[in-house]
Structures are given as structure tokens and as C-alpha cells.
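Assemble the complex: chain A is given as a structure, and chain B must be docked to it using the hints.
One letter stands for each residue in the lines below.
2 protein chains.
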Amino acid sequence: MARKKKGLLLVVSGPAGVGKGTVNAELMRRHPEIRMSVSATTRAPRPGEIDGVHYFFRTKEEFDRMIEENAFLEYMHVFGMNYYGTPRAFVDAEREKGNHVILEIDVKGAMRVKETCPDAVLVFIAPPSLKILKDRLVGRGTETQESIDVRTATALEELKLLPKYDYMVINDVVDEAVSEMECILTAELCRTDRNHDLINKLTGGETI
Amino acid sequence: MARKKKGLLLVVSGPAGVGKGTVNAELMRRHPEIRMSVSATTRAPRPGEIDGVHYFFRTKEEFDRMIEENAFLEYMHVFGMNYYGTPRAFVDAEREKGNHVILEIDVKGAMRVKETCPDAVLVFIAPPSLKILKDRLVGRGTETQESIDVRTATALEELKLLPKYDYMVINDVVDEAVSEMECILTAELCRTDRNHDLINKLTGGETI
Numbered sequence: 065m066a067r068k069k070k071g072l073l074l075v076v077s078g079p080a081g082v083g084k085g086t087v088n089a090e091l092m093r094r095h096p097e098i099r100m101s102v103s104a105t106t107r108a109p110r111p112g113e114i115d116g117v118h119y120f121f122r123t124k125e126e127f128d129r130m131i132e133e134n135a136f137l138e139y140m141h142v143f144g145m146n147y148y149g150t151p152r153a154f155v156d157a158e159r160e161k162g163n164h165v166i167l168e169i170d171v172k173g174a175m176r177v178k179e180t181c182p183d184a185v186l187v188f189i190a191p192p193s194l195k196i197l198k199d200r201l202v203g204r205g206t207e208t209q210e211s212i213d214v215r216t217a218t219a220l221e222e223l224k225l226l227p228k229y230d231y232m233v234i235n236d237v238v239d240e241a242v243s244e245m246e247c248i249l250t251a252e253l254c255r256t257d258r259n260h261d262l263i264n265k266l267t268g269g270e271t272i
Numbered sequence: 065m066a067r068k069k070k071g072l073l074l075v076v077s078g079p080a081g082v083g084k085g086t087v088n089a090e091l092m093r094r095h096p097e098i099r100m101s102v103s104a105t106t107r108a109p110r111p112g113e114i115d116g117v118h119y120f121f122r123t124k125e126e127f128d129r130m131i132e133e134n135a136f137l138e139y140m141h142v143f144g145m146n147y148y149g150t151p152r153a154f155v156d157a158e159r160e161k162g163n164h165v166i167l168e169i170d171v172k173g174a175m176r177v178k179e180t181c182p183d184a185v186l187v188f189i190a191p192p193s194l195k196i197l198k199d200r201l202v203g204r205g206t207e208t209q210e211s212i213d214v215r216t217a218t219a220l221e222e223l224k225l226l227p228k229y230d231y232m233v234i235n236d237v238v239d240e241a242v243s244e245m246e247c248i249l250t251a252e253l254c255r256t257d258r259n260h261d262l263i264n265k266l267t268g269g270e271t272i
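As given, the protein sequences belong to chains A and B, one line each in that order. All the letters of the first sequence, read from the start, carry residue numbers 65 to 272 under the numbering used here. All the letters of the second sequence, read from the start, carry residue numbers 65 to 272 under the numbering used here.
The shape of chain A in the complex, shown without the other chains (with noise of 0.2 Å):
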């Protein structure tokens, strides 16, 4: 199709206990087109875990080496700890294809992403209180009190950094959340400045 766009880089953050994988899982199912990012890492696969769809399994020498080729859109590493990181690759092919990609990670990573990829779209899932987001906790049934506790608080944190996303999505009915992704990402594509080829055609007398 004449129209066929470059995908579209969603990044999702969200506190612990938000919904952000339910969303996503939905959002996903409704459009299989939509791809979720896989990161890399120097730690070790575990049992069932396969290199290219749960990570991208790297040493640590690999894993620096990408980072001096700049072949991340963000990485982290906390001294002692294993590697992550966001490769540019997997996205960038998947957004010339056409297909939008999901990136799941926390308020730093998608302020790093913000900077390395001005043209991704910041989406924060927020719950409709932290009283609810709290009750979720609770209602898992596999957190601790202190567990709960330290989670609230990050989610407190997390949410004074909402204004620095594009959007904000409340999460109180999964299927309501889903939608306004989906126009969240319907209304991008008709962004004016992501679709400079498309005008320059139209006054050259293309049809687009």
C-alpha cells in the first residue's frame, strides 16, 4: 500500500502492579503487527529461555562491544550486576517494516530512550489511585507488606516523572486502556511531522 508507514516506538512504563503486561498482551493480540522489544543481557539464560525471543543473550565482552558500536537505545549497568540493554537493531528492522514496537522498562530507561530516539512515543500507565494500585498489590497474594511498601513508594516516585511522558493512559478497565493506546498509536501516524514524504508527494501531485 502506497500509504505503508515506519512503525511506531511505544514506550511503556508504568508502577509495579499497574497492569502494564495485561495491556500490552491485549493490545498485542489485537494487533498481531505490533512487536515487543527484546533486550540483552550478560546474565544467564534460565531454563526454557530462548536467545532472540526472551533476550538476546550476550557476554560480557559482546555486550561492550555493542556498546561502543552504539548498537543500544539505552543500556544499564549497576557495577557487579549483569547488563541490559535495548538493541537498536530488532527495533529499527521492525519499524521499517511497518510494525510498531513495544518497550516495556522503567522511568530511567525510557528517559534514556527519549534521547537516543527522539521519536519514540512516551506512553505512562497509571492507576486510578495509589489506594487501587495498592489493593492490586495486596491482591496478588505473593507480596510482602515490606514488599507493598517499598512498591507504593517507587510508585509515588514514578508518577511525579508522569509529565515527562507524552501520554498518560489510566488503567481502570483493561479494554477502555487498550483503546486509547490504539489511538494513541492511530493518531501518530497522522502526525503531521511523521509524515513529511507523504506531503511532499501530495504537492508533487503523487497520490498517496
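In short, the hints are calculated from the structure, not lab data. Heads up, a few of these hints could be off.
Remember, identical chains collapse to one label, so a pair may be satisfied in a single copy or spanning two.
[Claimed, not checked] Simulated pairs of lysine-lysine, DSS-like, Cα-Cα distance not exceeding 27 Å:
no., residue 1, residue 2
1, Lys224, Lys265
2, Lys198, Lys70
3, Lys70, Lys224
4, Lys228, Lys265
5, Lys265, Lys195
Only chain B this time, still in chain A's reference frame:
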């Protein structure tokens, strides 16, 4: 509803024959809460035209006073011709109620509105090609060849200003164009810079 938001001002432009009216009418049919902005003019009402519905009919003196009072989002006056303008009060009142307002206006008018109302959303409805636009004008059967040539030339000039708009919607299939407009409204309401109040409530521990 706690999450009720200020409505949007949607400024819609596009060349003659592109189908702005059809797209906007269908959008309003799907969303009865959307209003069409009512212009003020100094021209005399035509038979059947109702003040406040088709236009706000004003005398030249009243219009001049409104200009002085900064009561217009934009206005236009060509020497010796009637005045036309977009009264700010109607737009603001509807938006405060949470209703969206559509303002159908030419490219120059849209640029004036962008100055006086920086949070307006500017959408340009484009044809799939200039050729198709011309065919539609011919298909109307009401335009002279000269009028068609003038309109096509004007359309090309207007298309060159497309990058000054926020969004472009291609009116190929009306239903798809309307769905894109709906998504633009939804996505704009999710923009963090339109949600500072909600973000403050959320970080303050309130439910939104």
C-alpha cells in the same frame, strides 16, 4: 465523573471538495457532545438563517467593539467587505462543559487561531491526490472549469502549509477518516500536558 476533562478545540481545514463537511457531520453524528463553532458576521441574515445558530449576526459597531474587547479567537476583515470572526466565548463555554468544538476554517484562519489558542488541535483533511480532488470537484457538476482550476491551484497552496498543522487525515474512505479524527481526540485527551490537574491529584493520593 471525576475524570471529566476540558473539551478540545479542533480546528479543521482542507481544500474545497475534500469532504470536510461530510467528515465533520459524521463525527458529530457519532459524538453528539461535539459542537460546531458559530461564526459572527456583519453580513445580513439570509432567509431562514437564525442568529446564534447559523451565525451570530452583528452590526459593524458591535463587531468593532468585540474586536476591542478581544472577544475573537480570530477575525477577518477585507476592506469594503463584511467582517467574519470566531467568538471566543462560545468556544470557551462549550469546552468548559467538556464538549469538543470543531472550527472549520481556511488555512490562514487556522494559523490565527493557533496564535490566540495555543492548545487548539489543528487537523488538515487532505485528499489522496490533487487529481482525485479535481475529479470530486468535477463530479459535483456545479463548478465551472475556471472555478475548478482556481480551486485546484488554491488546494496546492494550502497543501504546502500542511506541515504547520498537528495532524493530517486523508479522506479516502469517509468512515476511516472519521475514525482517525476520533482517535486524534482520544489521544489528545491522554496527553500529559492536558492532564496536570489529574497528575497532581494522583500524586496527592486522590482517586482520579
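Hints versus structure:
1. Lys224 - Lys265: between (43 Å within a copy, 11 Å between copies)
2. Lys198 - Lys70: neither (39 Å within a copy, 29 Å between copies)
3. Lys70 - Lys224: Classified as between: cross-chain Cα gap 22 Å, same-chain 32 Å, threshold 27 Å.
4. Lys228 - Lys265: Between. Shortest inter-copy distance 17 Å satisfies the 27 Å Cα cut-off; intra-copy 34 Å does not.
5. Lys265 - Lys195: between (52 Å within a copy, 12 Å between copies)
Of the numbered hints stated above, the single one contradicted by the structure is hint 2.
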